[in-house]
Amino acid sequence: MDSSMATPSIAADHRPAHLQLINVWKRFGPPERQTVAVRNVDLAIQPGEFVTLIGPSGCGKSTLFNMIAGLIAPDDDGSILLSNKVQQDYGLLGKVAFMPQRDLLFPWRTVIDNATLPLEIEGVSRKAARARAEALFPEFGLEGFETHYPHQLSGGMRQRVALMRTFLFERDLVLLDEPFGALDALTRSMMQRWLLDVWAKHRRTVLFITHDIDEAIFLGDKVVVMTARPGTIKCAERINLPRPRAASVTTTGEFIDIKRRLLAVVEEESLKTFGGATLA
Amino acid sequence: MKRDALLRSPLPMLVVLALAWWLVVPALKIEARYLPPLGAVIADARSVWPDLLAGFWRTLLETVIGFFIGAALGIAAGIGFAQWRWLERGVFPIFVALQSVPVIAFGAIVVIWFGNTLASKVVIALYLAFFPIAVNTLRGLQEADPQRMALMRSFGASSRQMFLKLSLPTALPTIMIGLKIGLSLALAGAIVGEWFGDTVGLGVMLLQALYFEQVPRLWVLILTCGGLGTLLYGGAGLIERRFIWWRAE
Amino acid sequence: MVAGGVTWRDRLAVVIGLATLFIVWQAATMLFAVPDYILPRPLDIAWAIVERREQIWRALLFTLAETGAGFAIGALIGIGLAVCLVLIPPCEAVVMPLAVAINAVPSVAFVPLALIWFGLGMGSKIAMAVLAIAFIVLLNALSGLKKPEQGHIDLMRSFGAGRFGILWRLRLPAAMPSIVTGLRVGLGRSTIAVIVAEMLGAYDGIGQIVYQSTAQVDYLSVWAAVLTAMLGSLALYGCLVAIDRKLIWWR
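Chains as they are written, first to last, in the working numbering: chain A, 9 to 288; chain B, 33 to 281; chain C, 87 to 337.
Only chain A is shown next, with the shape it has when bound in the complex (with noise of 0.2 Å):
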């Protein structure tokens, strides 16, 4: 069933990975009511690269981030590699910047308290982690929020201090799950190009899911696409597009282009997802 699959074309770089999937599985359940969420993945990610992960919806994305983060111990059959080193189950906990879908702010806690929870986790103390917290709110466009709750802050907002907290958990690998996926286009388009100047100063490797292609594109130095459940890696395509990028890039031919290939691969995959939904 898997004959017509494209091989993953990512072997060209011969540059150490910083993160390195080897035919990692995601089996759940009893063997004679197994459901394969994630099959047979095999993805490298170059220090200091984006690469942007996109399939259809319950495709085991999310599955594969938690495996990244650590969160969920991934089947024997493979193994996950951080800077060359084979990680035990559970190993990258605390190894990895990880944002999931939601913001998930304390609600008890200010803008400033939520966004240095990870460095009081760690043990800095709090006079230090708030200093360095203080130095990234102009950068994250909090200035004068620090003393806010959650709830009287904007869904974009929110969102930055999300965004803050992963990046003051000072890991190169950064994960990020549809983290603008609840954000309205306007908000999410302004958001994008944001993080992508936050990114070209700090330079973090970024794993990011998500389900907009335009998005994908946009941000990504790769876009990694998965199939249908049991997600595995379909195809990856470069994204040459030149950096910085401004939100006219989007309506270059060159854009258009790859939209297109990219557009018929998720489609594809998209279809057999609502077809095994309806016509089943």
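Errors might be hidden in some of the hints.
What the hints assert, rightly or not - Over 10 Å on every C-beta distance to chain A, these chain C residues come out as not near it, computed from the model:
hint	residue
1	Arg97
2	Cys177
3	Ser229
Said to hold, decoys possible - Pair by pair, the computed Cβ-Cβ distance ranges are:
hint	chain 1	residue 1	chain 2	residue 2	range
4	A	Arg41	C	Leu320	54 to 62 Å
5	C	Leu320	B	Glu245	48 to 56 Å
6	C	Val181	A	Gln109	35 to 43 Å
7	A	Ala190	C	Gly209	54 to 62 Å
8	B	Leu105	C	Phe118	22 to 30 Å
9	A	Phe36	C	Val181	27 to 35 Å
10	B	Pro201	A	Leu249	53 to 61 Å
11	B	Leu49	A	Asp85	44 to 52 Å
To be clear, the hints were calculated from the coordinates, so they are not data collected in a lab. Glycine included, each C-beta is placed from N, C-alpha and C at the ideal position.
Following the hints, complete the assembly by docking chains B and C onto the known chain A.
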């Protein structure tokens, strides 16, 4: 899942507790003054069986009558509060405060009013059950969310229909919580009410056992009261599961 | 109720409500010449409180001290147990059935036993207050501590937080609202438990005044003691509401 179901069913729990009591008391040589052996408690229960049964029925009767009248009045009051905003503003905070007040001390006064009759215990039980039921009824009725109200209004619903089809069903789970609190308070009220003077009832027997320092008898009565409580709450829980399957949001 | 400000109009409404109650009561008892043993006049009760202020004040302090001590111990037991159960989940299978069994018995039924075990002094009242509050706080704290969803827990884990880190920074703050609710409900219950225990046997306290005055057919004193107890527990309740606002500043 299986362990959960086991945890929830009271039977294995009772067996384990009884077994523990039976084994631990002789093993640790606990003084009978603190915890008599299970055998002594059972023997004592047998010796007062007729009294115990009579007391059980009497206290059950007081509790149930008091609870039902209190519930009726409480729900009516709650609906009244929901209907008239000025009443809610002026009186409701006093009600909420009264919930945390040792109203049981009024028991003495109630017995003065009604004498040593069944009525005086019923009134105490009623009085205690009334407040939480009234408060929860109002809270429940206020829970209907404005968007659903607007939807109903857009369908052209009358205020009667709004109440019957939206407000009341929304309120029922919360009212049920109030009813359960009221039930346990009614039981406590009936027991304490008997202390102010009577001849039959579990509360009376508790008082007698205290005066004669009959510790096994006290344990018999504690277990009987627990049984009565479990019976009442169990019944309430059954009704809740049968008729109110949706939950408070 | 607790959330949101109380406007002056709300306060005014309560004052009017209380004043109406007072006036109707006073007028009705005077108009129909209701004898004291049925319903004394509010002014007479107020005067009785003033007259017996020393006795009543001492009794009130006594009762409040017992309630306070029992409240503190019971709350600590309840919260402590809940924390243990969350840290070591298998314990729940042992502790909860026992707690549920004890709770199925109306707490007033334990009063005679408490008097025999701990004597007529403060000990038995404190024990009753502990019993009355510990279970409700345990239940509330437990459900509060379990409230954080997996997403929040996963986030904390991804930051490298361990069991205690998650407890301290996530579970406990998240549980505060329901713990405070438990404390509020428990406060009422423990006041009742203490007064009921005092009525059956004590050297001092509001419950003892109620009991003795009933026996001596001194109804004015009964009312005076009951109303004082109401005011006392209202004050306590007010304190808790204030603490509630201070502790749960978010939302």
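Comparing the hints with the structure gives:
1. The Cβ of C:Arg97 lies farther than 10 Å from every Cβ of chain A, with a closest approach of about 26 Å, so its non-interface assignment holds.
2. With a minimum CB-CB distance of about 24 Å to chain A, C:Cys177 clears the 10 Å threshold, and the non-interface call stands.
3. Listed as outside the interface, C:Ser229 is consistent with that label: its C-beta sits roughly 17 Å from the nearest C-beta of chain A, beyond the 10 Å cut-off.
4. Between A:Arg41 and C:Leu320, the C-beta spacing of about 59 Å keeps the proposed range 54 to 62 Å intact.
5. Roughly 37 Å separates the CB atoms of C:Leu320 and B:Glu245, a value that falls outside the hinted 48 to 56 Å.
6. Taking the beta carbon of each, C:Val181 and A:Gln109 are about 36 Å apart, inside 35 to 43 Å as hinted.
7. At roughly 57 Å, the beta carbons of A:Ala190 and C:Gly209 sit within the given window of 54 to 62 Å.
8. For the hinted restraint 22 to 30 Å between B:Leu105 and C:Phe118, the CB-CB distance of approximately 23 Å keeps it satisfied.
9. For A:Phe36 and C:Val181, the Cβ-Cβ distance of about 32 Å falls inside the hinted range of 27 to 35 Å, so the restraint holds.
10. At about 56 Å, the CB distance of B:Pro201 to A:Leu249 agrees with the hint of 53 to 61 Å.
11. Look at B:Leu49 against A:Asp85: about 49 Å separates their beta carbons, and that is inside 44 to 52 Å.
Taken one by one, the earlier hints fail for this structure only at number 5.
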